[in-house]
Structure formats: structure tokens, C-alpha cells
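Asks: Here the structure of chain A is known, so what remains is to put chain B in place on it, guided by the hints.
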Amino acid sequence: MTLTNQELPAGPETRRISTSKAMVEALAQVMESDERVFYMGEDVGAYGGIFSSTTGLLDRFGPDRIIDTPISETAFIGLGIGAAVEGLRPVVELMFADFMGVCLDQIYNHMAKIHFESGGNVKVPMVLTMAAGGGYSDGAQHSQCLWGTFAHLPGMKVVVPSSPADAKGLMTAAIRDDNPVVYVFHKGVMGLPWMAKNERAIDEVPVGEHVVPIGVANVVRAGDDVSVVTISRSVHHALDVADRLAGEGIGVEVVDLRSLVPLDRQAVLSTVAKTGRLVVVDEDYLSFGMSGEVVASVTDVDPSLFSAPPVRVAVPDVPIPYAHALEQAVLPGSERIEAAVRRVLGLTG
Amino acid sequence: MSDVLFPELSKEEPGAVGVVATWFLRDGDRVRVDDVIAEVQVDKVAADVVATSAGTIRLVVEEGAEVRQGAVIATIG
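Chains A and B supply the protein sequences, listed in that same order.
Counted the way the working numbering counts, the first sequence spans residues 1 to 349.
Counted the way the working numbering counts, the second sequence spans residues 1 to 77.
Excised from the complex, chain A in its bound form:
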């Protein structure tokens, strides 16, 4: 039951916290009310998650529900799948999205396919969390996003929050979903004190239960001239660009997809119908991924909505470099986004 605050009829009571604290708060609130929920992964106990995804939960819920695992992803993801099949609601953390390579069989052949292969008789209500993203010189095997790879493989939902409130609301929704949900948190949106400062990683979050439905995009900033459709950390860069260009009288609409599966194609169509100009920004690789899929969401229905060819800003199809300058060059930062916006508006050659 949710209590409404009589003094604040405008909305629920909120306060400012970081994305990591919002994620932990959702886990704690759901675990309080549902004994079937537990969290498992490498360094999620005493350490609190290397990107602070579980800080304080071990003290609160004990080692039977906050479970440190050996470095054995295939085994503990398989354990989570078994627990989910038997009626628990596990949240299992893969420390880095990059580590999918050692355990993908459990993820895409088992977690994602059991419901289909059982003719719909068996459910796998599991959440697979993972850290993603670069920008802090962690090298080619610790900096990838890879959400497009998970989204490409059928059978799992894929959510990628960009804000503290969405991190909380999508976690609650993911745990309650009867389908397997991949929950990808970008290290750069968590508000960690030892990462590069990101003002947008701390924001207002509802205090009580907060649910964000999976598959519904969010227009985080309205504008009339050009649409930037993006996800995760890139939403923050897009908002920075929108702030800058507002000073030149350019209205940038920023759409945060919030989930890749299901993809809110109607939201893409709606914003392009409004502006006629589309820039898609993705920190995942360019080819065969989200950016092409978003463009196809329009061309499949009505290519005439475009008054200019859409522009994609993503990581070119190369491994993420360790060297800071090279890494910044391949990431879709605000300078590349701004150049793309100008290009789609015909303001540069």
C-alpha cells in the first residue's frame, strides 16, 4: 500500500540521492516485502558491489540473501536460473557486461529460452544486473556497453536506466517481472565519488515505492527542431548539448529510451513526426545495434517523416582504447553529439 502525502499533492515525496543509492533502495524495499528476492554475485556482500550496486545490503539482509560468489559466472548465473525456475526471484550480478563472454550459454540458451522451450509452462523471473560503459581508462575488456548484444538475442527484456529515479523504478519493475530482465547500469551514471563527477547522477527520487514500467521511453527534454534519441550515460551528454544549443535558439528534444527490449518504437515515431530530424546516440558499437534499429523504427513505418537523413553517433566498430585521448575520441561525447545535431539541421557541411 502506498501512502499519499497530503501536504504534497503535486507528487510523491522525493529527495536527492545518487543512482547507486537509488538502485540499492529499490532492492531493499522489494526485499523487505518479498522474501523470495535475493542478490548474488562477485563482491556484492561486504564490498557492496564494485560500483556500489549493493552497498549496505549485507548488513541489512545477511549472507543468506546477499550472497558473495566465487569467480564462476556460468555456475552462479545457472544457480540463479534454477532458483528462478523453482519460484524464487533472484537478482544476479555479472560484474562487468564485458564478462558475458564466459557465461553467455547460461544467459541466452537457458535464462532467455526456458520459457519458450517449455511451451510457456516454466517462468524465469530473474534479473541479471551488470555494469557497463567506458570513459575511465579501464581498457577494451572492461569498458563495453554490449546492451545491443543482449537485445539482439530473443527472450530477455533489457533495461538501461540513466537517472536515479529510473534506476529505482526500473529495478522494482524488473524484479516483479515474470520474464528474465537484463538490467544494465552505466558506471558513469552511478554517482560514484571516485569516478568523474557527473551532476546528473544525483537527482530527486521518490522516497516510497516507485515503479517505472518497462518499455516506455521518456521525453526528458522537449524541443521542436531535432530529436536526439538515446539511452544511459549518453542521455546526460545529450542534455548538456541541448542546454548549450538552447542559447542559439535551437530546440533539441531528448528522448531516453530507458529500455531496448521492449523498444518504444512509438515514442521514436512520435518525436520524429514532431521534429523531422533524428540523431541517435549510442555508447555501444555502431554496426548491427541500437542506432540502426531506432532508425528502422521510422523507415519501416514512414520514411517520409524524415526531412533530413538521420545521423548516428556511436562507438565506431573498434575495441575501446585504454589511452584516455583515444578512448574519448571513440566515445559519443557531447562534442560529437553537437556536431551531429548541427549536421542534421544543415548548419555545417
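Hints in this document: simulated from the structure, not taken from any laboratory.
Careful: at least some of the hints might be erroneous.
DEER-style ranges, computed between Cβ atoms [unchecked claim]:
#, chain 1, residue 1, chain 2, residue 2, range
1, A, T348, B, Q41, 54 to 62 Å
2, A, D178, B, P14, 49 to 57 Å
3, A, S137, B, E13, 24 to 32 Å
4, A, V102, B, V33, 19 to 27 Å
5, B, V33, A, R65, 40 to 48 Å
6, A, D317, B, E13, 46 to 54 Å
7, A, E204, B, M1, 23 to 31 Å
Every residue gets a Cβ at the ideal spot worked out from N, C-alpha and C, and that includes glycine.
Replies: Just chain B, lined up with the frame of chain A:
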């Protein structure tokens, strides 16, 4: 009016200097009991600073500032 102090994270070294890593509130914000005000660090140990009284917060030091343990980092009045 109550002072918000930088917590004693290092017991061995009472005069240790740490960092106010993150302010979760802005100067002049309303604060309630148990709200997380800041995250502070000494060496690699991090801790939340939680409000023990309600009121309006005044931030005394900048985010990222180096502060000695026990020093006043904000006031609530």
C-alpha cells in the same frame, strides 16, 4: 542550529584529512532527519553523513574540499 561534522572514519589517526566527495543537498535545501547529506572519504573508506536534525542546511565547505576529521562541514538551522 546544529553543526554537521566530518565523521571520524580513521580511529588510529584522529587528525586525518578526508574529502567531501559528494553533496547530495544544495545550500539552503530543506533537510529531514535521516536524509543522507553527503558522502565523505578518508583514504579509501567512504561513509554517508546523515542528518540528525531537521531544518535548512548551509554548506560550509565546497564539494571536493579536503577537511580534517571532526571539522564542521555544514550547519542545520
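Asks: Next, verify each hint and record whether it holds.
Replies: Structure-based check of all given hints:
no.	hint	in the structure
1	T348(A) to Q41(B): 54 to 62 Å	43 Å, violated
2	D178(A) to P14(B): 49 to 57 Å	54 Å, holds
3	S137(A) to E13(B): 24 to 32 Å	31 Å, holds
4	V102(A) to V33(B): 19 to 27 Å	46 Å, violated
5	V33(B) to R65(A): 40 to 48 Å	28 Å, violated
6	D317(A) to E13(B): 46 to 54 Å	50 Å, holds
7	E204(A) to M1(B): 23 to 31 Å	26 Å, holds
Against the hints set out earlier in the document, violations occur for numbers 1, 4 and 5.
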